[in-house]
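If you count the sequence shown from 1, position 73 lands on 73 in full-length UniProt numbering, and the numbers rise without skipping.
Simulated from the structure, these hints should not be mistaken for laboratory data. Yeah, the Cβ is synthetic: ideal placement off N, Cα and C, and Gly gets one too. It cannot be assumed that every hint is accurate.
As the list claims (entries may be wrong) - Within a straight-line C-alpha distance of at most 20 Å, the following computed SDA-like cross-link-like pairs (lysine to any residue) qualify: (1) K363 x K338; (2) K323 x R162; (3) K134 x K338; (4) K188 x V219; (5) K358 x G327; (6) K284 x S243; (7) K284 x F257.
Unchecked claim - Label pairs and their in silico Cβ distance ranges: (8) E117 x P367: 46 to 52 Å; (9) I395 x N173: 53 to 59 Å; (10) K220 x K113: 45 to 51 Å; (11) L252 x K199: 20 to 26 Å; (12) E140 x S250: 29 to 35 Å; (13) D385 x A246: 50 to 56 Å.
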Amino acid sequence: MAISQKKPSQNKAKRKLEQNLPEKHEEVVGTVLRTKKRKISKEVEHVSEAKEQKTNVPIEKKTKKQNTQETSDKITTVAKNGTKKKKTMTEVKSMELNEKNDKEKDIEAELSKSHMEQCISAMFHLIEEQVQLKNNLTGEVHPIFMQVTCIRIPKVPRRQMRILLPHSIVTSNDEVALFVCDLERGRKKDYEPTVEHYKKILIEQGCTCINEIIPMNRVKTEFDQFELKKKLAASYDYFLVDSRIAGHLSHLLGKEFFKRRKLPTSVRMNNKDLKHEIEHALRKTSMQIHSNGDSHIVQVGNTLMQENEILENILATCKNLSKNYPGGWANIRSLRLKGATTIGLPFYITLRNKNAVKLTVVKPKRPNAYRDVKGELSTFVRDTDITVKPDGEVIVERTTQKRERKFHTSPQI
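Hey, can you work out the whole structure from these sequences and the hints?
This is the structure in structure tokens:
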């Protein structure tokens, strides 16, 4: 009964509030409702007008000529974009060339030509004094070297770096030998026909600088011992080799050619202009790159050459070193001119910090089979693993295996 009595009281309170609402409040509510209705009606009219415009738009049929014109316009736009891409590639190449030229200019700016000329003239004077003291022949040719010292010793496999010089180091009195591939393979076969064959080719091309032709078969049969290889290296001043057998000949010649810096330079014997090919090969000089010390030596000229020619050779080697030397130009501490037994005369020195130069590490190229081999030997002690490395080193490792002990229990009665 209590709940039924509360309800009418609440309804009466609401009715009193509705009756007592002010007239202003009613006017505000009415204006809000009218504005909403007007907005909705305007939106409906706008949508209907847009639909009528779409329906009333005339449909224009495109002719074949218009279609062809549009396709041609598209093709022209694509072609323009292609030309833009080509321009960007040419711009990139031009930028790279400009950077290279700037680097070369920087190197030439660091090297003073006047100081280099003074060093070259002083080197000629030192060599003449040594010749007079030792009472040697004045007509002998003495080599001139350039000594390169690096800031940080690179971790590099031993290899030969070829540098092309503008003026050849080879003189008219030097003897040049050419290693050639055999026409017929086999140790027992005669190698004289191959010598005659290549002599005819050289005479036809007009090559007179080569004194001896040595076929591959002769190297295997006559120069198989260490002393004979040593005599072969001492008997000629420069060696050339056919590019087809250059990779097979290096291990047959031995370490004596490497010590004397007389490893043969490769020549393409199939080239039509063979004379130019041989002259181009004789203008190259070799530099041994290793990680045993911080100094490397390159032959730059000799005493029969003029001072201007030696200066041009030095500049050419410096440009090549900036590109191909391990660490680049930043890794070079000093450059010196040096004779066979003279003191080195420095013409370039830097005090660059060692920490500012990155250490260059070059791993040697190895074949796929150059890997460790692991296995077990039945003839050896049990529980051992053996690993054989490519150098021939053998490592034996003992593998201890825990054996499980079995306990026999007596049956319960």
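Original post:
Of the numbered hints stated previously, which ones are contradicted by the structure, given in increasing order?
Top reply: 1, 13
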